[in-house]
Amino acid sequence: MDLTELTIKQAHEGLKNKEFTSVDLTRAYLEKIKKSDLNSFISFDEDFALKQAAEADAAFAKSFGEPKKKISMLTGIPCAIKDAIMVEGQKCTAASKILENYVASYDATVIKKLYEAGAVILGKTNTDEFTMGSSTENSAFGVTKNPYDKTRVAGGSSGGSAAAVAANEACFTLGSDTGGSIRQPASLCGVVGLCPTYGSVSRYGLIAHASSLDQIGPIAKNVEDAKIVFEAICGEDKMDATSADYNFEESKTELKGLRIGVPKEYFSEGIEPEVKKIIKDAIKKSEKAGAKIIEISLPSSEYALACYYVIDPSEISANLARFDGIKYGLSEPAENLLDVYLKTRGKGLGAEVKRRIIIGTYCLSSGYYDAYYKKAQEVRQLIRDDFAKAFEKVDLLFCPVSPFPAFKIGEKVDDPMSMYLADIYTIPMKLAGLPGLSMSAGKIGDLPVGLQIIGNHFEENKILSVAEEMEKLLK
Amino acid sequence: MISKEEVEHIAKLARLELSEKEVEKMQKDLSVILDYFDLLKKAPKVDMRPAFAKTSAGEARKDEVISSHDITDELIAASPDKKDDYIKVKNIF
Chain A
1 MDLTELTIKQ AHEGLKNKEF TSVDLTRAYL EKIKKSDLNS FISFDEDFAL
51 KQAAEADAAF AKSFGEPKKK ISMLTGIPCA IKDAIMVEGQ KCTAASKILE
101 NYVASYDATV IKKLYEAGAV ILGKTNTDEF TMGSSTENSA FGVTKNPYDK
151 TRVAGGSSGG SAAAVAANEA CFTLGSDTGG SIRQPASLCG VVGLCPTYGS
201 VSRYGLIAHA SSLDQIGPIA KNVEDAKIVF EAICGEDKMD ATSADYNFEE
251 SKTELKGLRI GVPKEYFSEG IEPEVKKIIK DAIKKSEKAG AKIIEISLPS
301 SEYALACYYV IDPSEISANL ARFDGIKYGL SEPAENLLDV YLKTRGKGLG
351 AEVKRRIIIG TYCLSSGYYD AYYKKAQEVR QLIRDDFAKA FEKVDLLFCP
401 VSPFPAFKIG EKVDDPMSMY LADIYTIPMK LAGLPGLSMS AGKIGDLPVG
451 LQIIGNHFEE NKILSVAEEM EKLLK
Chain B
1001 MISKEEVEHI AKLARLELSE KEVEKMQKDL SVILDYFDLL KKAPKVDMRP
1051 AFAKTSAGEA RKDEVISSHD ITDELIAASP DKKDDYIKVK NIF
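Chains as they are written, first to last, in this note's numbering: chain A, 1 to 475; chain B, 1001 to 1093.
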């Protein structure tokens, strides 16, 4: 038996029935990581992981003596964390040269929650620098390869997290999603990725990209696993003022009688015909299972990408001001303070990060603020209104995640506009703060294609319940 | 196309040192991206409401004092240049 193929629930059963230990599981994953040529990890720490596994085994041993004591489903389960989320004592690079040697001073809230649940952290996964990108090609530590075709990207920015799950290098991972960074790599790697509602998971300890959009979420082998992890990490946190008073409650939402909205704008020009066919087929299957399919319109979708690429860089230009060579990370010696800033940031930050800082600074600068930033905020409201109207008529939305499957490494890296278009279907709902899930709906040749299920605010339970039913239909 | 001087001015505001080559590439990229932003002009006008309405979460602002004094030592230790309990910076005056 290959232990790394097990889902969370299967591994949990095995641990409970004493078929293997968490140390066995952890060793099996560490072996996979060491042999891998995908570059899905930036760092991993064997001693650190095995120590946690031994603690988990001790917790299990104790629970065997007290059969009534409930042990968490995540106890002893090896996972990996996107390298933009802080794990105390471990390096947290955000895939940037500026943080190459930075060691996290504290745990993110999601990490505290995973520890409480007994999960074992194997290491930190690759991402685009400061989570900005759609391919991990912007990582200062090399691109992550797609497990289905190593000449292609794994998507991004949580490409390392998605590839690690797809290649059984971790039982589950955490990613973060600002414009599609969980769902798009999940789609390209054929795994399940959930971007929760803005506010349902604490962002404390996630290195900030764009604070009005950033959200942490799980990437997993199947929908049930994603649900288990989401339930463990969600909830209000006093360290994140935007976190909401939210508790996940499982619900049984069935396809039968469900009103599914299909936004027509997501199937127009730009989408590859084969992607369109796979998604349409999945929608047909849901209809056969009793769902009512309703074509809807989200007319402001055409502005979403432009709106996002004003708001996102504007927030970046403010958030990344903290990387100045004074407080942490790289510091370039210079004569005066201004030169320390200029040289440190000039040397430590990569091309895409610089590009977004410049765009954001431009959009916020005197004379341009009204034309760009203020206008984009207005458009963001139009987009929110579109979705609000849609959810008066439907329960969930079904649409593609990405207009195309995994693309070739190097294909888009020098052309920022074409890279930005990779997130055309994941960005709009993000601007409205909605939750969305990506799950594999089929393949073009070897390359997975993801179906996106979008729900109303804090309706992750509906999304997950329906996704579990879809998972059976799409097998 | 956006001028070299304009890119250099913005870069200075953003505290970024850019090489000649980077400025050139930035001129090209920025021009394409700003042209794309023109699309926003087509969008209908709206009366702005607060960025996060009740339905969209994020309203949970409270008066709560959060302190990270328990990790002061770790935070200072992360600084590249320090002396005792202080983070060192270059002279400002």
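If you're looking for bench data, these hints aren't it; they were derived computationally from the structure. We treat Cβ as the ideally placed atom computed from N, Cα and C, and that holds for glycine. Keep in mind that a hint or two might mislead.
[As the list claims (entries may be wrong)] 30 Å max Cα-Cα, derived DSSO-like pairs, lysine-lysine:
| # | chain 1 | residue 1 | chain 2 | residue 2 |
| --- | --- | --- | --- | --- |
| 1 | A | Lys34 | A | Lys91 |
| 2 | A | Lys412 | B | Lys1021 |
| 3 | B | Lys1088 | A | Lys374 |
| 4 | A | Lys412 | B | Lys1042 |
| 5 | A | Lys91 | A | Lys288 |
| 6 | B | Lys1021 | A | Lys343 |
| 7 | B | Lys1088 | A | Lys327 |
| 8 | A | Lys393 | B | Lys1045 |
| 9 | A | Lys285 | A | Lys252 |
[What the hints assert, rightly or not] Partial chain B-side listing against chain A, Cβ under 10 Å, derived:
| # | residue |
| --- | --- |
| 10 | Ala1011 |
| 11 | Glu1020 |
| 12 | Leu1030 |
[As the list claims (entries may be wrong)] Chain B is nowhere near these chain A residues, computed Cβ spacing over 10 Å in every case:
| # | residue |
| --- | --- |
| 13 | Glu31 |
| 14 | Lys70 |
| 15 | Lys97 |
| 16 | Asn168 |
| 17 | Ala334 |
| 18 | Tyr341 |
| 19 | Arg345 |
Give me the numbers of the hints this structure contradicts, sorted from smallest to largest.
-> 3, 5, 11, 17, 18 and 19
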